[in-house]
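K.L.:
Residues per chain are reported as follows:
There are 2 protein chains.
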Amino acid sequence: MSILVVGSVALDDIETPFGRVQGALGGAATYFAAVASLYDRVNLVGVVGTDFPGQHIDFLVERGVDIRGLQIAQGKTFHWAGRYDYDLNTAVTLATDLNVFADFRPALPEDYRASEYVFLANIDPDLQISVLEQVQAPRLIALDTMNYWIEHKREALTEALRRVQVVLVNEAEARQYAGTYSLIEAARAILSLGPQALVVKKGEYGAVLFTNGDLASTYFFAPAYPLERVADPTGAGDSFAGGFVGFLARSGRITPRTIRQAIVHGSVAASFAVEGFSLERIRNVTLEDIHRRYQAFRGFTSFEASCPWLETCERFREVELCDSET
Amino acid sequence: MSILVVGSVALDDIETPFGRVQGALGGAATYFAAVASLYDRVNLVGVVGTDFPGQHIDFLVERGVDIRGLQIAQGKTFHWAGRYDYDLNTAVTLATDLNVFADFRPALPEDYRASEYVFLANIDPDLQISVLEQVQAPRLIALDTMNYWIEHKREALTEALRRVQVVLVNEAEARQYAGTYSLIEAARAILSLGPQALVVKKGEYGAVLFTNGDLASTYFFAPAYPLERVADPTGAGDSFAGGFVGFLARSGRITPRTIRQAIVHGSVAASFAVEGFSLERIRNVTLEDIHRRYQAFRGFTSFEASCPWLETCERFREVELCDSET
Chain B
1 MSILVVGSVA LDDIETPFGR VQGALGGAAT YFAAVASLYD RVNLVGVVGT
51 DFPGQHIDFL VERGVDIRGL QIAQGKTFHW AGRYDYDLNT AVTLATDLNV
101 FADFRPALPE DYRASEYVFL ANIDPDLQIS VLEQVQAPRL IALDTMNYWI
151 EHKREALTEA LRRVQVVLVN EAEARQYAGT YSLIEAARAI LSLGPQALVV
201 KKGEYGAVLF TNGDLASTYF FAPAYPLERV ADPTGAGDSF AGGFVGFLAR
251 SGRITPRTIR QAIVHGSVAA SFAVEGFSLE RIRNVTLEDI HRRYQAFRGF
301 TSFEASCPWL ETCERFREVE LCDSET
Chain Z
1 MSILVVGSVA LDDIETPFGR VQGALGGAAT YFAAVASLYD RVNLVGVVGT
51 DFPGQHIDFL VERGVDIRGL QIAQGKTFHW AGRYDYDLNT AVTLATDLNV
101 FADFRPALPE DYRASEYVFL ANIDPDLQIS VLEQVQAPRL IALDTMNYWI
151 EHKREALTEA LRRVQVVLVN EAEARQYAGT YSLIEAARAI LSLGPQALVV
201 KKGEYGAVLF TNGDLASTYF FAPAYPLERV ADPTGAGDSF AGGFVGFLAR
251 SGRITPRTIR QAIVHGSVAA SFAVEGFSLE RIRNVTLEDI HRRYQAFRGF
301 TSFEASCPWL ETCERFREVE LCDSET
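As they're listed, the protein sequences go chains B and Z.
Here our numbering is used: the first residue of the first sequence is 1, the next is one more, and so on.
Here our numbering is used: the first residue of the second sequence is 1, the next is one more, and so on.
Here chain B stands alone, though its shape is the one from the complex (with noise of 0.2 Å):
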């Protein structure tokens, strides 16, 4: 299998309560591939500036990234500045240089295009769609995109989401997307262009699914991993992609299960994403503490019977409350 990604290569100015740091590395693809490139070969397509630090192509090299998609053009890399205050779910844009990435192209190098799993980040909606027309017959195709599409660029976005899988994308963008309160709604207008799975990122109050299907069996909802402390939220979203798409592509199967199971692995992704920031802490996590906190999930979400969390007690049916411990 091997996975693609296109998107931003990002230095990044970020403050938190917690700290700050100053042309940190960042950018969607950037998070997206450090913790996809865990699971399996990741090609990335993006572009930087000639100011780019080497130390940052050694990074991805070393991870296994293949970069022969990542141009290098004349000019300055794009630079994002963001503030969070108390309350993380927020960033607060200081800055957006796009710089280089103002006329970014994505080429995709002859051998890509076979890429089985394809994670096509938040970038311009025409882009996204040329990348489609480049790939040959991937096997999962997921997509996020942000409130300036939404806004600017409707028909576009439309057009790619028609020709997507998956659509990952957070509770504000769904609900602006389609235009109602209800996410539920907001899931039933997005999945009828087409896609068979919406992933409704939630920052620390988790993750949901929503496919097609009676909603009482097919709901799914993973909590957010609990942290003693986020020190930036920067790229949750992304590192969310990449344990989900990563898992998938690595699982090589796509079932309603591993759906499930790739969701939490993308929220224990990005709870390692937001423990550090920029990249910190992503650099250092290995598969093993990624499937460490997965097994824990289990029993965060463990109230039954049937769970090996817990012990067993069938008793619980047809109003016959559970009154028995063995």
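Please keep in mind that the hints were generated in silico from the structure rather than gathered at the bench.
Where hints are given, some of them may not hold.
One copy or any two copies: either way a pair holds, since identical chains are not told apart in the list.
Claimed, not checked - Taking lysine to aspartate or glutamate and the DMTMM-like style, the derived pairs with C-alpha atoms no more than 20 Å apart in a straight line are: (1) K76 <-> E185; (2) K202 <-> E171; (3) K202 <-> D111; (4) K202 <-> D87; (5) K153 <-> D111; (6) K202 <-> E228; (7) K202 <-> D124; (8) K202 <-> D126; (9) K153 <-> E275.
Small disclaimer: the values here were computed from a predicted structure and weren't measured.
Dock chain Z against the given chain B, drawing on the hints supplied.
P.N.:
Then chain Z, alone, in the frame of chain B:
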């Protein structure tokens, strides 16, 4: 078993984007009793004015609620008026007329004193303590509170917290009491006072359980039941408490497992409460209805092997990712 609830019985004016009601039955003790009475016998202590409609008394009596502890005082019933906007998570209080509730002094009829499960709904912590001095030896005492008491009666509230087993509050209240943005730190501060469990209600984002011990092995999260439409969030927290305490009383056992199951019952009860204005929907709910949604909850969070909702897949071990369908 029998359940004691002490708290407000009110007449509410409520406005949401989906409608409005005036002079409708409300109050924390009412919502709690209406739900908990589905599970077990409920003893209610509260006060209403002479304007309180007899039909509401009839409803409680039909539900099997023992209302000998409901005082009828000269004057008007406690009245609350509030409005919710599309963001149904926060109420804007338009009026709070305490009326007869201002002089409320809980007095337990003699045979209420042996109640085994006690819910101290949100009232002045000094009154909560006075209830604790009237009960004999309950198996479980659960307590709710609100921002007003945290700010103005912190000392009495702390004393009350020391004397209960379960604290049921919302996210903002837990953070406010502990003076920290970290919910985990807040939980630690509250549990250090004595309670064995802290249940944090997060509205549409579900509910979380903290108990003493290693977080990775004790943390529990229950999502909110996914609803097409929320009519009126009033009473969600007290209905949650009704399902929570009701289930524990009926099951007769307080264990890590039954506490988790009780949280799911609370979440289900809250989901019914918010589907109608006032007690409209709760009025017609049966234990069978609750059981049906409880069953669906198993599917909402299952992603593993050993849970029957998903086929068996035992091979996700030691970073061997799941790659088998059988």
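K.L.:
A separate judgement is required for each hint: does it hold in the structure or not?
P.N.:
Going down the list of hints, with the structure as the test:
Proximity of K76 and E185 under a CA criterion of 20 Å is satisfied in neither setting, with 42 Å inside one chain copy and 42 Å between copies. In the homo-oligomer, the alpha carbons of K202 and E171 lie at most 20 Å apart both inside one protomer (6 Å) and across protomers (16 Å), since each shortest distance falls under that limit. In this assembly of identical chains, the alpha carbons of K202 and D111 never lie at most 20 Å apart, being 35 Å within a copy and 48 Å across copies at closest. Proximity of K202 to D87 under the C-alpha cut-off of 20 Å is found in both arrangements, the shortest distances being 13 Å within a copy and 15 Å between copies.
In this homomeric assembly, K153 and D111 never come within 20 Å of each other (Cα to Cα): the closest approach is 30 Å inside a single copy and 68 Å across copies. For the identical chains of this complex, K202 and E228 are neighbours both inside a copy (18 Å) and across copies (18 Å), given an alpha-carbon limit of 20 Å. In the homo-oligomer, the alpha carbons of K202 and D124 never lie at most 20 Å apart, since the shortest distance is 23 Å inside one protomer and 35 Å across protomers. Taking the shortest Cα distances, K202 and D126 never come within 20 Å of each other, neither inside one copy (26 Å) nor across copies (38 Å).
Taking CA atoms no more than 20 Å apart as the test, K153 paired with E275 passes in neither setting, with 34 Å inside one copy and 36 Å between copies.
Checked against the numbered hints above, the structure violates hints 1, 3, 5, 7, 8, 9; every other hint is satisfied.
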